[in-house]
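> The chain contents come next:
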Amino acid sequence: MMPNDMLQFAFFLVVLLAASWPLGLYMARVYQDKPCGLDKVLGPFERLLYRASGVDPQGEMNWKTYAVAVVLFNALGLVATYAIQRLQGLLPLNPAGLPGVDPFIAINTAVSFATNTNWQAYGGETTMSFFTQMLALTVQNFVSAATGMAVMAAFIRGLARRETDRLGNFWRDLTRSILYVLLPLSVVLALALIGQGVPQTLDGPVVARLVEPADAARPTPEAAAGALTAPSARPGDATPREQVIARGPVASQAAIKQLGTNGGGFFNVNSAHPFENPTPLSNLLELLAILLIPAALCHTFGVMAGDRRQGFAVLAAMTILFALFAFLTIQAEGTPNPLLAGTGAQSAPSLEGKETRFGVAGSALWAAATTAASNGSVNAMHDSFSPLGGMWPMLLMQLGEVVYGGVGSGLYGMLVFAVVAVFVAGLMVGRTPEYLGKKIEPFETKMAAIIILIPPFLCLLGTALACVAGPPDAISNPGPHGFSQILYGFSSMGNNNGSAFAGLTATSPFWTGAGAVAMFVSRYWLIVPVLALAGSLAGKKRLQDGPGALPTHGPLFVALLMAVVLVVGALTFVPALALGPVAEHLALFK
Amino acid sequence: MDILFIALTVVFVLGLFGLIEVLGRLKGGAK
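These protein sequences, in sequence, are chains B and G.
For the first sequence, position 547 (counting from the first letter as 1) is numbered 547 according to my numbering, and the numbering increases by one without interruption.
For the second sequence, position 25 (counting from the first letter as 1) is numbered 25 according to my numbering, and the numbering increases by one without interruption.
Treat the hints as calculated values from the structure; they're not laboratory data.
It is possible that part of the hints are untrue.
Beta-carbon label-pair distances, calculated as ranges [to be verified]:
id	chain 1	residue 1	chain 2	residue 2	range
1	G	L8	B	L25	21 to 27 angstroms
2	B	G59	G	G28	20 to 26 angstroms
3	B	L202	G	G28	42 to 48 angstroms
4	B	V567	G	L8	34 to 40 angstroms
5	G	I3	B	G97	24 to 30 angstroms
6	G	L8	B	V207	26 to 32 angstroms
7	G	I3	B	D165	38 to 44 angstroms
8	B	L191	G	L8	39 to 45 angstroms
9	B	R162	G	A7	56 to 62 angstroms
10	G	I3	B	P551	52 to 58 angstroms
11	G	L8	B	T343	41 to 47 angstroms
12	B	L202	G	A7	32 to 38 angstroms
13	G	A7	B	F510	15 to 21 angstroms
Taking beta-carbon pairs under 10 angstroms as the criterion, some of the chain B residues facing chain G (in silico) [unchecked claim]:
id	residue
14	D102
15	K446
16	L531
A quick note: this is a predicted structure, and the numbers were derived from the prediction, not measured.
Where is the CB? At the ideal position from N, CA and C, for every residue including glycine.
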């Protein structure tokens, strides 16, 4: 790792951790219904929303009612997102005249955005109208992120409250997450991105005349991808002379896609596109936005649980794991490709698939952050990374998206690992395990096992099915790298991440259908047991810490928590990784 | 395909309600 890379990495971590503290305290006030400052401005609007929708914001829900509200609300969003895509040809704000979206792609996209995955089996600028981008996809960016935050708030209440079955009110948590957290931060970030040159317009694409017409006999990659065929091109003229340059309401979508750990992007190549992420400063801002809320929620947890040290302990475990994997990814990408030996470029770091304006550190750090959080937007093509450079981000997803993780979902996922950690510790010393004074009994352990095992099951089953029955032309490389593309795809969808190895073509009915099932199950079949676990914990007494209890705010617990996360992930995925990136690495560096 | 999507959504949502019910009974039995 070069000193400059180290400096970028350290600066990013310091700014992230510094910014997470005040935001975490602020969000604790939001979820505890305390004055937070913005309520003076937005409070009347919040109350108007409750009145208009007939919601009693003070009505508390038990875990079942909370889960039913989550499921029904998300099902409605799913259907609305699908319908808008299918009908976009008849709807306004469609200056490019795009037709309705293919049904398989529409199903995949609707599930993808409702589940906060944002896996994109389409090119945004050539498939989705502005209406779809704004009212289907961006709306889902807000509400799917807020759903995760609401479930997290309910889970923390389950840990903090005693002898009750009340976990809060889903509608209130949802509304307050959007109004007081996601919306204000998105406005600030969108304005900052516009300042850096990101477009925000409802005008259609512009057509530029090429300085040097493309040679039809030697098509460039851009021509092959259809980017050089202008609507005004003369019929029968095989030589493209004009280029269509897509633009639209990019900044507003880019802001929430990062803050809500949604991922994806207005453009097909996400934040590698110069209109979505034009400068090193916009790169830093977007990178910070990916991890800011998930990191800050650890402090929110500490405050709501009544012991800030608990939040610091979880944040420490997440940060150490993230730093380790980010370091390994940057290190792998800074290692020259041995096949370039003797070409004069053997000492250079690998720049294939990367934007030169970001370089190795900016690309590798993004890859680690976007897979550590359940974000999934990219600023470089992970398929072009070195075998190990691609493996570390893949493993970050396979750990269950708990190293910061998605907004809300990352924290409740890590707290479930904490339940398993105290269970393991309890087995070792022969005591009934406790977490935050709550006894962990068979029901809680069963729920934790379900929550932790479902995503790996989906990843490995999906990968096996794709290898046996998937379309063989979906992968661009045979052998270990092709296997990595498949494994990465299902690791991404099965953990609601959404990033992709660029070499995988996932537009066939198999991939769109199987992917939709994986994304749906990994989101909602986890949320329901998480809420059941919260409901069970809320009903328990809170015991005083005895001399034999394992302190869950110290370095020993942080180490145990990290070990549980790593051991579960490693035991589950190392055999599969050995067939893909490890085999490719050994073949390359033999 | 549109009808199939609606049907699948209904099936998956009913499946989730079933999961909520099963976990509710499991939790009740654990007490």
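> Against the structure, test the hints numbered earlier, and report the numbers of the ones violated in rising order.
Hint check: 1, 3, 6, 9, 11 fail, others pass.
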